[in-house]
Every structure is written in C-alpha cells, then in structure tokens.
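Engineer: Residue-level listing of the chains:
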Amino acid sequence: MTVLKAPLAGVRIADFTIHAAGPLSTHLLSQFGAECIKIESKTRPDAFRKPHAVYGRMSAATFDQVTANKLSVRLNLKHPEAIEIAKKIVSISNVAAESFRPGVAQRLGLGFEVLRECRPDIVMLSLSSCGQSGPDSHFAGYAPLFGAWGGLGWMSGYSDGPPVEMRHAMDHSAGLHAAMATMAGLHQQRRTGQPQHIDLAAREVASAMIGEALVQAQAGIEPQRVGNGDLRMSPHGVYLTDQPDRWITLAISNDQQWADFQKIVGHRCDDTRVSNAEGRLIHRAQVDQMVSEWVRPQNADQLAMRLQEKGIPAHVSWSTQDLAADRHLQERKALQWVSAPGIPERLAVGSPACFSSSPDVGIRRLTPELGQDEEYVFGQLLGMSSAHQAELVSREVIW
Amino acid sequence: MQSDDALKSASTPLAGIRVLEHCQSVAGAYAGRLLAALGAEVIMLESPTGCPLRFAPPWFDDSGESALFAYLAVGKQSVVADLHTDQGRQIMAAQLGHCDIFLDDTPVRQRALLGLDREDLSKRFPQLVHVSILPFGAVGPKADWVAEEMNLLHAAGEGYLLPNGLSNEMFPDRAPLKIHGHFAGYQGGATAALAAMTALWTVPATGGQYVDVSVQDAMLLVGAFAVQRLGDGSVEHRATRKFRYGGVFKTKDGYIELLTLEDRQWNSLVELLGRPAWALEPALNDPLERSRRGDEINAHIRAWMVLHNAEDIVREAQKLGVPVGKYRTPLEVTQGEHERDRGLFVEAIRENGSPFEVLLAPFKFLCSPLMGGGKVPALGEMTKEFRV
Chain A
35 MTVLKAPLAG
45 VRIADFTIHA
55 AGPLSTHLLS
65 QFGAECIKIE
75 SKTRPDAFRK
85 PHAVYGRMSA
95 ATFDQVTANK
105 LSVRLNLKHP
115 EAIEIAKKIV
125 SISNVAAESF
135 RPGVAQRLGL
145 GFEVLRECRP
155 DIVMLSLSSC
165 GQSGPDSHFA
175 GYAPLFGAWG
185 GLGWMSGYSD
195 GPPVEMRHAM
205 DHSAGLHAAM
215 ATMAGLHQQR
225 RTGQPQHIDL
235 AAREVASAMI
245 GEALVQAQAG
255 IEPQRVGNGD
265 LRMSPHGVYL
275 TDQPDRWITL
285 AISNDQQWAD
295 FQKIVGHRCD
305 DTRVSNAEGR
315 LIHRAQVDQM
325 VSEWVRPQNA
335 DQLAMRLQEK
345 GIPAHVSWST
355 QDLAADRHLQ
365 ERKALQWVSA
375 PGIPERLAVG
385 SPACFSSSPD
395 VGIRRLTPEL
405 GQDEEYVFGQ
415 LLGMSSAHQA
425 ELVSREVIW
Chain B
259 MQSDDALKSA
269 STPLAGIRVL
279 EHCQSVAGAY
289 AGRLLAALGA
299 EVIMLESPTG
309 CPLRFAPPWF
319 DDSGESALFA
329 YLAVGKQSVV
339 ADLHTDQGRQ
349 IMAAQLGHCD
359 IFLDDTPVRQ
369 RALLGLDRED
379 LSKRFPQLVH
389 VSILPFGAVG
399 PKADWVAEEM
409 NLLHAAGEGY
419 LLPNGLSNEM
429 FPDRAPLKIH
439 GHFAGYQGGA
449 TAALAAMTAL
459 WTVPATGGQY
469 VDVSVQDAML
479 LVGAFAVQRL
489 GDGSVEHRAT
499 RKFRYGGVFK
509 TKDGYIELLT
519 LEDRQWNSLV
529 ELLGRPAWAL
539 EPALNDPLER
549 SRRGDEINAH
559 IRAWMVLHNA
569 EDIVREAQKL
579 GVPVGKYRTP
589 LEVTQGEHER
599 DRGLFVEAIR
609 ENGSPFEVLL
619 APFKFLCSPL
629 MGGGKVPALG
639 EMTKEFRV
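Protein chains in written order, with the working numbering: chain A, 35 to 433; chain B, 259 to 646.
In short, the hints are calculated from the structure, not lab data. Values in this document were obtained by computation on a predicted structure and should not be read as measured data. All C-beta atoms in this analysis are idealised placements derived from N, C-alpha and C, irrespective of residue type, glycine included. Please note that a few of the clues may not be correct.
As the list claims (entries may be wrong) - Below are the DSS-like pairs computed for lysine-lysine, each with C-alpha atoms no more than 30 Å apart in a straight line:
#	chain 1	residue 1	chain 2	residue 2
1	A	K112	B	K577
2	A	K367	A	K344
3	A	K367	B	K381
4	A	K76	A	K122
5	B	K642	B	K381
6	A	K76	A	K112
7	A	K39	A	K122
8	B	K577	B	K510
9	A	K39	B	K381
As the list claims (entries may be wrong) - Each pair of labels, with its calculated beta carbon distance range:
#	chain 1	residue 1	chain 2	residue 2	range
10	B	P534	A	N310	52 to 62 Å
11	B	H566	A	W371	32 to 42 Å
12	B	M629	A	R307	45 to 55 Å
13	B	P315	A	E430	51 to 61 Å
14	A	K344	B	D544	53 to 63 Å
15	A	R307	B	L542	50 to 60 Å
With the rest of the complex left out, here is chain A (with noise of 0.2 Å):
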C-alpha cells in the first residue's frame, strides 16, 4: 500500500480517533500520504458514522470527508484479544492517536506506558476537550464548548450581541494543529529514537485563536469585541450588493486604496474628516453607512474583480455553491471531485499545500466500509491467517 511520491509514504497511524477533531488530523496526514489505519467497532463504531437529530438532520455528519483514504478494521477494545491485535499495529506504526476522553485509552490498555512498550519509539496523540491533565480535564465538550473555554467565543460577535458559538471550523482547527505537532513528533522520533505523547486539548487551540488578546488582558487591558471593525482599516466590512444575500468584503487599509475605491464605485467624499486613515478609523461608522450605500446598487463579482484589478483587498462572500464552482480551487486541487461505486461524483476538500517534487497528495479513496482492510491489515500486516481470523470474528474479537 506505498504511495509513491508522497512526502509522508512509508509512515504508518494507529487510528483510534473518533468525531472530527480527531480523525482530522489523522486524514491530513493520510492526505500527504500516510497510511492511516481507522480502528472501530461494530459495537461501538465512530459516533460520527451515525446521525444526531441535534442538527437537524438524520444523515451522519462529518464522516466521509475525515475518513476519506484510511484502512478500516473492526476490533471490539472490550475484548482482551483485541486489545492485542491493536498493540501489534501500534508496533508496526510509526503513530498511535486517539480522541478519547482522559483516561479512557489507559482504561482499554492502551495508553501511553503499555504502547511505548509496544514500539519504543511511538509518537502518540491524545487530542481531547481540556487535556490530560488540569482540573477540567474529566470536562466533555465539542467544538462550541472549545470556543467558549477558550475565549474566542467570547472575543467573536458583534460589538451590541452575545458571543458566537464556534462550528465545526473550531474542531478542524484542533486537528489541524494535531497534525502540525505530530509531524514535530516524527521529526523527534526519527531523530532520537525516544518516544513522545503529544497532549493536544482543543480548548487551548481556541485560545491560541486568541493570542493578542490574551497578551493584552495579562497587560491589564481589557479587549474588546469589534464584530466586522478593524483598529487599522476602515472602511472594513461586509457590505449588501444588488443581489439578495449576497455580500462583499472589503479591507481598505491606506489613502491610495481610498480613492481608487472611490473611482471604482463612481462616487467621492468631500468630507475632509475622512480624507486620510485615521480620520475613517475615526468616523468608521460614517464611512461605513457611506460605503454601504455606494455599494448596495453594485454586482458584488464584478466590483471584486474591479477593485482586486487595483489590488484593493475585496473579496464576495462566498456560499459553499460559489466554492464549488470555483475554477481556482479546483486548479489548486483543494477541491477535488471524487467518487467511487455506489457514490456519484461530488466535490471533497483537497490537500492543502502542493509539493513540487511529492506531488501525489489529496484524496485516494472513499470512506471505507467498517473492516473493509481487514484481509491487508491482519492477513498481509500481521500475518494471520483467514481461518485465525474467521475465529477471532467468531468469539467477536474481530467486531
């Protein structure tokens, strides 16, 4: 199963994570080519295989995207023999991760002391709510609670409104920073030969989101919330267009991007109060009432294009239907269409970088059916035969 020409070909994960942030950042790091094998059960599969009615819907969540190319196995981690089965992989894994709540891992046998037996060198994640340690640690959460502890909820809204609740871009931010430090742990691994525990909790991610802020209040300054203000540029903003719900972001920043927005939009200001930066920053509020008016009779994708030819920060405020149909991504392969039998063609997020001489990043193949890679992980991975194996899904071992 090498995958040639990516960067991270030959690296094996232990896969025990589960919900989003979690299985993130394994599929990341399967995107730029690692070989990701997903451990679950059917017992107790990926609670993110089923739907919650919370959301107002009853189709899984996030699943298909976060498990796009990872191998699929049963193991019923109830059972002393699977337990087993799933230190074998970790000792033929470069990375064990999992997303369990504190404790649990070292409950099932599984945690940090019995998998660097397994394999002396193991980088192991454990991405959680709070941490594995701290008073909080036992706390359960997702995504909006990371916000909320972390302070980005509350620095987030506008100015006269409550804070903002955090979606699942919150927990992807975790897994994207899981990501990042266990690939610092295979640079120490292959370096000194010493295993690590990386301890991600996705709360301090929120809080990382908000890291001048929280310079300042330890300065005794007490940040505020600016909804869509900037304390450097006005105007700076959402604005209507001609169109119903359809908006354009702009961040001007100096005079010269001032009045060439003025020319574009086809109207001046005389007010000399607004004449130069910190005169806008001053009256924003004036400005913005101004430029909302300027703009509300103009087609939001040709004035971007108009002002973006001035290189004037704007941008449409993009609905996932404007992203999907976008050629620039696409290019990018940041979106890319996959499909597979019984799955009509749709579009998934792509990898995120491009490398000039491993180019063989992004999605491979589609979420995998619960055990689907058994015959390759037991059989070819750990040698056991198919009768063993028949067995062990006899006694529900294998599960």
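Given chain A's structure and the hints, the job is docking chain B onto it.
Structural biologist: Then chain B, alone, in the frame of chain A:
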C-alpha cells in the same frame, strides 16, 4: 542542520532545525511562531523599516508596542537585510546556506526582483524546503489577488455561515460576521508549518522542494464540512445552521454554551433543570421530536438559565455529564486554574525589556516539555553577527 550527534539527545522536537522567515503576514509569522515553539531556531529577515506586524494592532497601551507582534515573534531572532540591494541579498543567501526551511510570503510577481525566485533558490540551495505562503497561493487564476483576513474568511465560505445560533436569531438582517482576529491567517500558518515539516521529512531521500500554501485553501480545509454537506445535497446557511436546541444562553452573569448530542446527555440536562414537567413529556424521549420542537425547548431552557450563575451551571452540568461551558473572557482564560495548572502561559520579555506572559503553544509534549519564553526581538538585533 541535523547532522550533529549532540542533537540526538536534544529535548525539543525541532532541535537543530533552522528557519528563515521572510514574512509580513499573520499566516507566515504564525508558521514561524509554531516552529519556534517546537524548538526550531527561527530568524526573521526584515526590511530596514521592519516587519509591518511590529506596528499592527492591538497594542500594549503604554508603549505602542504591538501585542500581536509580541505574540507572534516571541522566541525568534531578527536580522535586517534590504533585498533591493546586493548586500541585502548576500545576507539572505548566507542565512539560507545554513537553513532547513525558508518561509516567504512575498507576492509572486515581486520575487525575482528581490532574489526570491523559486527556481533560482532551488538551484542554489538544493536541500532547502522553500515554503510560499500567500492569500490564494502561488499558482492558479487568483494567485495575484490580494486579501486581508476579512476577505479570506469569506473566500473560504466560513464567513458567509456566521453568525449562527443566537446572534443570528437576534440580528437576522445584519451582515455576516467575522470570527475574531486572524482565524484564517492562523489556519494558513498552521498549515504552512505542517507542510514545511512534511517536506522536511523527505529531504534525506529526495532533497529540498518548493511548497505552495494558500490561506484560502487552509481555511477551506477547516470548513470542509460545508463542502461535504453540499455533496450530500444540502446548502448550509447561517440562518439555518443552528442546533435545534441548545446553543448560546444568557445566564444571570454571562453566557454559557450547551450542546447535547446523545440521549444520555439530554436525560442529564433534564436532571440539571430539576426535572420540570415540560421536559418529562414522553414524546420528548424521541430525539427527532426534540429536534422538531427545538424552539419550544430552548425557550424553556432560556427561562431557566437567566436565573442562574454561569459558574454554578457549569459545575452542576459537568457533574451530571451535560456538555456545558462558560463563555470566558480573555482575562478569565489567563487566570484560569486549568490553564495555570497545565502551564499554558510562559513568561517572556517584551522588546522594551519588561516581562509579559504569553501562550506557549496549544499542545504539550509530555516526554520533553517545550521550552517557550524568550524575548520579542528588537529590529535587526542580530544583523551585526550575521553580517557577511
């Protein structure tokens, strides 16, 4: 470079790795900051007027120093080189000869003039990992487009989907809302750091290479769910992307977040609320029925929440296994018992010499703790030592 035997026992993950950072954007600076936190030696190559982030808001009130720059530059070094001059380009070349990774966010069309051309650098430094970090990447029809954080959040689709939940309910006609600060830039930076280390992984086998990172792509990655939903046949919108019940609630003294995905969590919530009659209606045992009657359920929960203090709610909820968290202010985060216990913050030195506390990194390496700290470099503090 990685050849020194002493490095085998060095404790930080990226000990011995040298990075040259020639960046003006938050994305580029955050990439360097993450690598520095992981133990790499990171040198900022600045123009004589300094990296613009030195002057970027927000600021420490008393000095005009940038709090954003302090967060992003702590632990790095600074060398000044004017890349418009031969001498400046020589300083850069001398540095690149000793570096493993080069982070650059210069717009593509300006690179040749400054000696930053991809092919040229690849020939001169065949072992170098050259990472380009641009708003829309270095190739593609929009490679030359310019963007600030606001534009990128919306170019990747997440901006259009915010705010959801209570904010959208309260202000349904307002413009979509930005996530605080530099969220998209940080995703770009984390992606660039990941991609840099990924390319570095292959250096022993295949030598250096060029890596093209786009902040838009990185933000799209973390917003991947909306693309998946589109493939499933539905289009997300901020007005409808809300939990049917749960979400943001006002309490007596602040705000909390509540989210129950599992039946057992719903049952525990009913306990938390004191088993009110409305919640005991048998029909509500069905998650689909709860979903249908979400507004009604939320009205009941809201009425209860405003009578209680956030800390009390969180304490009782977590005891019962109900996922609830308080919306904490930055000050509460910095003073948090949990964060203190975990050593999330470290002491460092500002450019003016005074101490300050800064978030070290959002991950811990338990077998060999990250060092962190250090100082915010003065402009060009290392230039003399690095003069060629």
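Engineer: A separate judgement is required for each hint: does it hold in the structure or not?
Structural biologist: The hints, checked one at a time:
{"no.": "1", "hint": "A/K112 x B/K577", "verdict": "holds (25 Å)"}
{"no.": "2", "hint": "A/K367 x A/K344", "verdict": "holds (27 Å)"}
{"no.": "3", "hint": "A/K367 x B/K381", "verdict": "holds (27 Å)"}
{"no.": "4", "hint": "A/K76 x A/K122", "verdict": "holds (20 Å)"}
{"no.": "5", "hint": "B/K642 x B/K381", "verdict": "holds (28 Å)"}
{"no.": "6", "hint": "A/K76 x A/K112", "verdict": "holds (12 Å)"}
{"no.": "7", "hint": "A/K39 x A/K122", "verdict": "holds (27 Å)"}
{"no.": "8", "hint": "B/K577 x B/K510", "verdict": "holds (20 Å)"}
{"no.": "9", "hint": "A/K39 x B/K381", "verdict": "holds (21 Å)"}
{"no.": "10", "hint": "B/P534 x A/N310: 52 to 62 Å", "verdict": "holds (59 Å)"}
{"no.": "11", "hint": "B/H566 x A/W371: 32 to 42 Å", "verdict": "violated (50 Å)"}
{"no.": "12", "hint": "B/M629 x A/R307: 45 to 55 Å", "verdict": "holds (50 Å)"}
{"no.": "13", "hint": "B/P315 x A/E430: 51 to 61 Å", "verdict": "holds (60 Å)"}
{"no.": "14", "hint": "A/K344 x B/D544: 53 to 63 Å", "verdict": "holds (57 Å)"}
{"no.": "15", "hint": "A/R307 x B/L542: 50 to 60 Å", "verdict": "holds (58 Å)"}
Checked against the numbered hints above, the structure violates only hint 11.
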